[in-house]
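These protein sequences, in sequence, are chains V and B. The first sequence begins at 1 in this note's numbering and counts up one residue at a time. The second sequence begins at 808 in this note's numbering and counts up one residue at a time.
Honestly, the hints are just simulated from the structure, not real lab data. The reader is advised that the hints may include incorrect statements.
A few chain B residues that don't get close to chain V, going by computed Cβ distances all over 12 angstroms [as the list claims (entries may be wrong)]:
| # | residue |
| --- | --- |
| 1 | I923 |
| 2 | L1060 |
| 3 | V1083 |
| 4 | A1107 |
| 5 | A1152 |
| 6 | A1155 |
What follows is a set of in silico ranges between Cβ atoms, one per label pair, in the way DEER data are often shown [claimed, not checked]:
| # | chain 1 | residue 1 | chain 2 | residue 2 | range |
| --- | --- | --- | --- | --- | --- |
| 7 | B | R1057 | V | Y471 | 53 to 63 angstroms |
| 8 | V | G403 | B | A977 | 54 to 64 angstroms |
| 9 | V | P380 | B | A977 | 49 to 59 angstroms |
Virtual Cβ for every residue (Gly too), placed ideally from N, Cα, C.
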Amino acid sequence: MTSSRRAVGTVVGTSQPHDAAIGHVTGAITFIDDVPTRHDELVVGLVTSQVARGRIVRIDIDAARALPGVVAILTAHDLPAARHFGPLVRDEPILALDAVHYVGQPVVIVAATSESALRGAMATVHLEIAPTEAVLSINDAIAANAYLSEPHVIRRGDPERAMASAPFQRSGVFHGLGQEHLYFETQAAIAIPGDDGLMQLHVSTQGPSETQHVVADVLGVGLHQVVCTTRRLGGGFGGKETQANLPAACVALVARRTGRAARLVYGRSEDMRNTGKRHPFRGEWTVGFDATARILALQVHLLSDGGAFTDLSPSVMDRAMLHTDNAYFLEHVHIEGRVCYTNHAPATAFRGFGGPQGVAVVEGMLQEIAAVLRHEHGVPITAIDVQRHNLYGIGERDTTPYGQVVSHNHLPDIVDTLRRDCDFDVRLTDIEAANRVGSRWLRGLALCPVKFGISFVATFMNQANALVLVYPDGTMQVSTGGTEMGQGLNTKIRQLVADCFGVSPHTVAMMATSTDKNHNTSPTAASASTDLNGAAAVHASGIIRDRLARWALIQWTASHGAPAVAADEAPTTVVFEDGWVIDRRDDARRMSFADACAGARFDRVDLGARGFYATPGLHFDRSTGRGAPFLYYTQGAAVAEVYIDRRTGEMSVPRVDLRMDIGRSINPGIDRGQIIGGFMQGLGWVTNECVSYDDTGALRSDSLSDYKIPTTTDVPRHFTCVFHDSDGPSETVARSKAVGEPPLLHAIAVWSAVKHALGCVSPAASQRLCLPATGEEILRALTMAHVPLTDGARWAHSAVSWSGQHA
Amino acid sequence: MVSDHVVLWVNGTAHAVHGADAVQPLSAFLRSTLHLTGTKVACGTGDCGACTVLVASPQVHGQWTPINACIRYVFQLHGCHVLTIEGVGTATALVPAQRAVAARHASQCGFCTPGIVLSMTAVLHNSANTASTAAKAIDWPTALSGNLCRCTGYQAVLDAATEAATTAQAGGLAIPVPDSAWRDEAIRHAATPVDLRVCSPEGTLRVVRCPSLAETLKHLQTNPDAVIIGGATDFAVEQTDRPASVARDRHWLATDHLAELQMIREGAPHASGHRVLEIGAGVRWSALQEVCIHTCPPLAEIIGRVGGPQIRHAGTIGGNIMTASPIADLLPMLLVMNAEVVLTAADASRRVPIAQFIIGYRTVDRRLNELLTAVLLSLPHDDEVLRLTKVSRRHDGDIATVALAVRWREEQETLRDVAIAVGGMGPMAVRLTHTEQALEGQPATDASWSVAASQAMDVARDALHPRSDVRGAAAYRREVLRNLLAFTRADQQAERVP
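Excised from the complex, chain V in its bound form (with noise of 0.2 angstroms):
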């Protein structure tokens, strides 16, 4: 583990230890549900249906609603404004009202004094439900005929003419499952009446301020009734972007209803039921290359399985297909996606949001085209080289499909410097060596460059504001729109701004975030939250600093009469450093950070200030699928090595490198954490990670018992991290670079390993493997090793049916 480049900084660039990390390790922080329940306090709980789809015939709330406790039931009925919710479109019901659309679907809410009285109200309650015939997968959907969106398209150049004259040509389809975000902190909310009708929430959602509109749509109240605050969550990966809404709009209903507090904290399993996860996809494509393997036209046809309702999985559709290309150059390309309704939970947000899947289907088809070139053709090339010889170029090559150039591109010196590092080649020979002769373990090696795009696609949500407030004692707080949720975002911030005044850390605390300190804030999520809220906080700090260096210099010129610097001219001979504030040109001329501060209240001169950050030059024209959306690639490229139990398909991975350039790192200790804890929760996706159904659309793996997230033992035993040697684009706060969702990708270097592994078999071998790749997966594909895939599009994963056909 070595990293090299930090960002410069006294306290920006080092390793500070989380902000919270005392109170994680003691135990002393508050989650929502830690929070001391207040004497009025009502717990809420929430009946589902247990049908897939149906026609509601008669709720019977009667019975319950007579139990001792029972203080308030609502159904659709009782909704005093708005029925539905979404972020793109208003499609979702708070309460299911004549039809349910997924098992676990909201349709009433109870309100009782202590949970056995809810529970008991709960099973009281009687849904009488007619089904009628569920969507139950995307070709399901296929054939209902039913979408959430309409097709969508990148295109370049003329992909049917490049196709029909390129040497080779072969299609394959990608089968991709769900994944659960198994945040630790379940789904929850807080509500509390307080006066002139404001209505005070406390939820852990990564985003404050949608929470807070939904929550006032759903109330009929204007936002200035609604206040949000998050102070931290334990975990949220995408799943709290908009699913967190539900749950605030049910318990603000019922502090509305009832006038008393009222909490809703899902458990485990309903959690897991009642909430979509990441977008199970299919992606359908048709390559064209030479014999160097050059790609020369591309088709890609995605679908994805959107769920009942719209929420986010339009955008994460647009993403998956910014992603096609992964990191290579597309000359001639075809890109189509839509997305299908299904009745599974509404699919949504998870960290990679769409790029993920995009590039999982672009990396198996990369290693088809080797194994077809080297089984059908007799040219001698891996995988590798396909993957180096269609990287994006420098200063050639490197326009994406929707026409962004790829500038700064560090992608090909990574690969080979990755390549070099961990003896890939001299690996890679010994292993298909090794699988000739045959012995109980099969092995594979893969690499996978991963270049993810930084900024959201939707243009208006790169915008953030903060909050800096000095006190005349020189400590500070701050907070910002952006959400804390483990991944150190407020330890970052915390050490922008401590720089930004020469103090230390430990003089700046971070506040929670909260809509009636910083309102309109896009949701944590994108990975650009240091980008966008860091950028706002440095900007607050910056106006605070220079009203008290003009201070300072009228302190010291005072007895000259004239004024010490201009008003429109920036008070630059003041520096803030150790504790101090300094003028350049006198080191006499000097006071300490905090007398400073005093003064400056004394003088009534305003120590706080609000900053604002806006991401300059994107651009993004979703009806022509051209435009620059990002304000810059976070680059990398990781190699993983597996082990297959032919016996059984139990796979092990006891070697992974990766290599990714996060520019000039803030906190390389919190940036290494990123990159190890997404790979490893790609790790589950790619591998163990099993979301399955039963066939009524029911979730099976509905507990931590049915499944399975990466434990201390998957932990490759060989594991590097190196931080690539870059300095970092010029636009972003320290020259840092986004950090959150590019490592998950990454772990599709496993994937891609399994599939090497199998091709070593056989090409049918490979091309059956569906994600996750876990044994059943594999074992299923090695037994059918020399059946060859006559109907890719009809195969599915052996979670949905071993035999391929969907049930």
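Dock chain B against the given chain V, drawing on the hints supplied.
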């Protein structure tokens, strides 16, 4: 005198716990009743370790045992001392695990962190108290495999553990050790019978805990409707997230504290001449694993894959047998070793071969006044091979998809005494007698197994009826069994995965 409450110590303070509070999971009691919210609940099924607390019982001196508080009832901890994160270190006086986790960025969102700190601390404390001062290599990935984390990817956690081990060795551990005054008091309380009654609209729940085996059996004699509770690592999971049940009276009988059920000793040899290990029904996985490291390494290894350390410290051997789950980890092994179970009633005792005891899906041949008190486990002879295989989605802390136990020996290049049992291939764990017979007397070659595997699967088409469920399709299970059988002998010598 019968007590209507239990007494347990939390972070040095004694609590008399009555009624509904005493039948809660410990995590709920800590969080709701004592407002000790540092103990987090993330799964409620004993799978993630976020609710890890440390327990000292008067019987085991000087050890802090990590358990999952979400699936352990308060009444099971009568007389025990519980240490929560609030009892370990403070912001200004952190213990080594806390210091290292904070310094090494081993916490991100912080929700799993208290559990991780406590698991680390228990390992450091217990190894400091049992080993010599010489640095002892701790297998941290295994030791922490019961503590899931969704944020860090574990690397920083493992680094922190290594660092904490170094500082703990250098500076000692500042975690409290229950004193002898507590121990005396605890033993006195533990000697009192407990009879709790909780009335609710759903009916009365009665929980009884007798101090001795004799009293337990006597109680069972007059209360044959009592549900016998062992470590509750399966029982309590079933209660999690369960909607309110139909009104009825329930009666639970706690047994996992009974000292008489804790023994592991060499018994009289089996009629077949095998050495016999007599294992008390209340013996925890962790205790059996320690014994088996030398007496039966394949069993020790398979026990290492039962749950996480917290489950292995709570779950009992008797409980695993009594659930009679088709995927119970111990059963295939017991079946191939012709183990016998000992069932004891107030007035009688009988020994039943395990194959006759397991009679159906989660069903055993127990008379209502009987308690499973011990299992008599034959150990393989030196010339016998015992091969235990567990196939699961995740290697550690997962439930078997397919479990296979095979025993055989080779005499003059011939296969002898072949015994094969499988779990996960139908409603109950069973012996594959057809395959055993087909192999018996065959040449001791890899090919014999390969042929037998094919035959076995032909027979299995009618005889074995695996389910398709969240752990795998029926076809997958069949395929796995075929391959494992076919390569049983070949893989015995094969290299391990690096």
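Item to complete: Starting from the hint list further up, note which numbers the structure goes against and sort them upward.
Response: 1
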